[in-house]
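Residue-level listing of the chains:
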Amino acid sequence: KQEVTQIPAALSVPEGENLVLNCSFTDSAIYNLQWFRQDPGKGLTSLLLIQSSQREQTSGRLNASLDKSSGRSTLYIAASQPGDSATYLCAVNPGGYQKVTFGIGTKLQVIP
Amino acid sequence: EPEVTQTPSHQVTQMGQEVILRCVPISNHLYFYWYRQILGQKVEFLVSFYNNEISEKSEIFDDQFSVERPDGSNFTLKIRSTKLEDSAMYFCASTDPRGNGDEQYFGPGTRLTVT
Numbered sequence: 024k025q026e027v028t029q030i031p032a033a034l035s036v037p038e039g040e041n042l043v044l045n046c047s048f049t050d051s052a053i054y055n056l057q058w059f060r061q062d063p064g065k066g067l068t069s070l071l072l073i074q075s076s077q078r079e080q081t082s083g084r085l086n087a088s089l090d091k092s093s094g095r096s097t098l099y100i101a102a103s104q105p106g107d108s109a110t111y112l113c114a115v116n117p118g119g120y121q122k123v124t125f126g127i128g129t130k131l132q133v134i135p
Numbered sequence: 067e068p069e070v071t072q073t074p075s076h077q078v079t080q081m082g083q084e085v086i087l088r089c090v091p092i093s094n095h096l097y098f099y100w101y102r103q104i105l106g107q108k109v110e111f112l113v114s115f116y117n118n119e120i121s122e123k124s125e126i127f128d129d130q131f132s133v134e135r136p137d138g139s140n141f142t143l144k145i146r147s148t149k150l151e152d153s154a155m156y157f158c159a160s161t162d163p164r165g166n167g168d169e170q171y172f173g174p175g176t177r178l179t180v181t
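Protein chains in written order, with this note's numbering: chain A, 24 to 135; chain B, 67 to 181.
The set of hints was computed from the structure by calculation and includes no laboratory data. Heads up, the beta-carbon is just placed ideally off N, CA and C, and yes, glycines get one too. Misleading hints may appear alongside valid ones.
Claimed, not checked - Chain B residues, not near chain A, derived (Cβ > 10 Å throughout):
| hint | residue |
| --- | --- |
| 1 | Thr79 |
| 2 | Gln130 |
| 3 | Glu151 |
| 4 | Asp152 |
| 5 | Pro174 |
| 6 | Gly175 |
| 7 | Thr181 |
Unchecked claim - Taking lysine to aspartate or glutamate and the EDC-like style, the derived pairs with C-alpha atoms no more than 16 Å apart in a straight line are:
| hint | chain 1 | residue 1 | chain 2 | residue 2 |
| --- | --- | --- | --- | --- |
| 8 | A | Lys91 | A | Glu26 |
| 9 | A | Lys24 | B | Glu110 |
| 10 | A | Lys24 | B | Glu119 |
| 11 | A | Lys24 | B | Asp128 |
| 12 | B | Lys108 | A | Glu26 |
| 13 | B | Lys108 | A | Asp62 |
To be verified - Take a look, some chain B residues computed to stay more than 10 Å from chain A by CB distance:
| hint | residue |
| --- | --- |
| 14 | Pro68 |
| 15 | Gly82 |
| 16 | Val85 |
| 17 | Ile86 |
| 18 | Ile92 |
| 19 | Asn94 |
| 20 | Val109 |
| 21 | Glu110 |
| 22 | Glu122 |
| 23 | Ser132 |
| 24 | Pro136 |
| 25 | Ser139 |
| 26 | Thr142 |
| 27 | Lys144 |
| 28 | Leu150 |
| 29 | Met155 |
Hey, can you work out the whole structure from these sequences and the hints?
Here's what the structure looks like:
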């Protein structure tokens, strides 16, 4: 059974700082891994999807890395802004139209 | 860009009442899913659906829950007799039949509040 863990559970940083969010998963037989953003009481906004054959994926100030063999992914946010404050979720897709498994998320607060 | 839509955005119901949550998946998608997120907890899988059948269901998805594709566009989740613990955000997702289940596209969610 796939388990997804995210560390830290919460993070508070001053504006402008670079930061790293961590995600680990127990079963390395994944097809891809996706990072989502969730604002309080809202839905899931897809940020980055990284295929199991890829090592990195970038979008603007966001960079996601994947080390499938060790069961780890990181989301790097450069030059953080108050608007980045949200919960960031990691989700693992085994492919084959099976269910996606989510981590509980890291709650990020960027202080102006 | 095509997207998954869900209605209503917020539903308030009394304990014991039946609710139907509606989803319109992306038009050429054939695999459909429901997930839920209780406040402060993980997003968790409920059920997957393909070719008018349930493909997989979690232990949460007991006989109080049912899913249906009543027509060519809608996908519904019914809770027969709601309980307080059913209060959650419910997300619908769909997947393109091409590829290998590459990405699930999530709707904006329906917040269900059971009083």
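Status of the hints after comparison with the structure:
no.: 1; hint: Thr79; verdict: holds, 18 Å
no.: 2; hint: Gln130; verdict: holds, 20 Å
no.: 3; hint: Glu151; verdict: holds, 18 Å
no.: 4; hint: Asp152; verdict: holds, 17 Å
no.: 5; hint: Pro174; verdict: violated, 4 Å
no.: 6; hint: Gly175; verdict: violated, 4 Å
no.: 7; hint: Thr181; verdict: holds, 17 Å
no.: 8; hint: A/Lys91 <-> A/Glu26; verdict: holds, 14 Å
no.: 9; hint: A/Lys24 <-> B/Glu110; verdict: holds, 13 Å
no.: 10; hint: A/Lys24 <-> B/Glu119; verdict: violated, 23 Å
no.: 11; hint: A/Lys24 <-> B/Asp128; verdict: violated, 20 Å
no.: 12; hint: B/Lys108 <-> A/Glu26; verdict: holds, 11 Å
no.: 13; hint: B/Lys108 <-> A/Asp62; verdict: holds, 14 Å
no.: 14; hint: Pro68; verdict: holds, 14 Å
no.: 15; hint: Gly82; verdict: holds, 25 Å
no.: 16; hint: Val85; verdict: holds, 19 Å
no.: 17; hint: Ile86; verdict: holds, 19 Å
no.: 18; hint: Ile92; verdict: holds, 13 Å
no.: 19; hint: Asn94; verdict: holds, 15 Å
no.: 20; hint: Val109; verdict: violated, 4 Å
no.: 21; hint: Glu110; verdict: violated, 7 Å
no.: 22; hint: Glu122; verdict: violated, 6 Å
no.: 23; hint: Ser132; verdict: holds, 18 Å
no.: 24; hint: Pro136; verdict: holds, 22 Å
no.: 25; hint: Ser139; verdict: holds, 20 Å
no.: 26; hint: Thr142; verdict: holds, 18 Å
no.: 27; hint: Lys144; verdict: holds, 20 Å
no.: 28; hint: Leu150; verdict: holds, 19 Å
no.: 29; hint: Met155; verdict: violated, 8 Å
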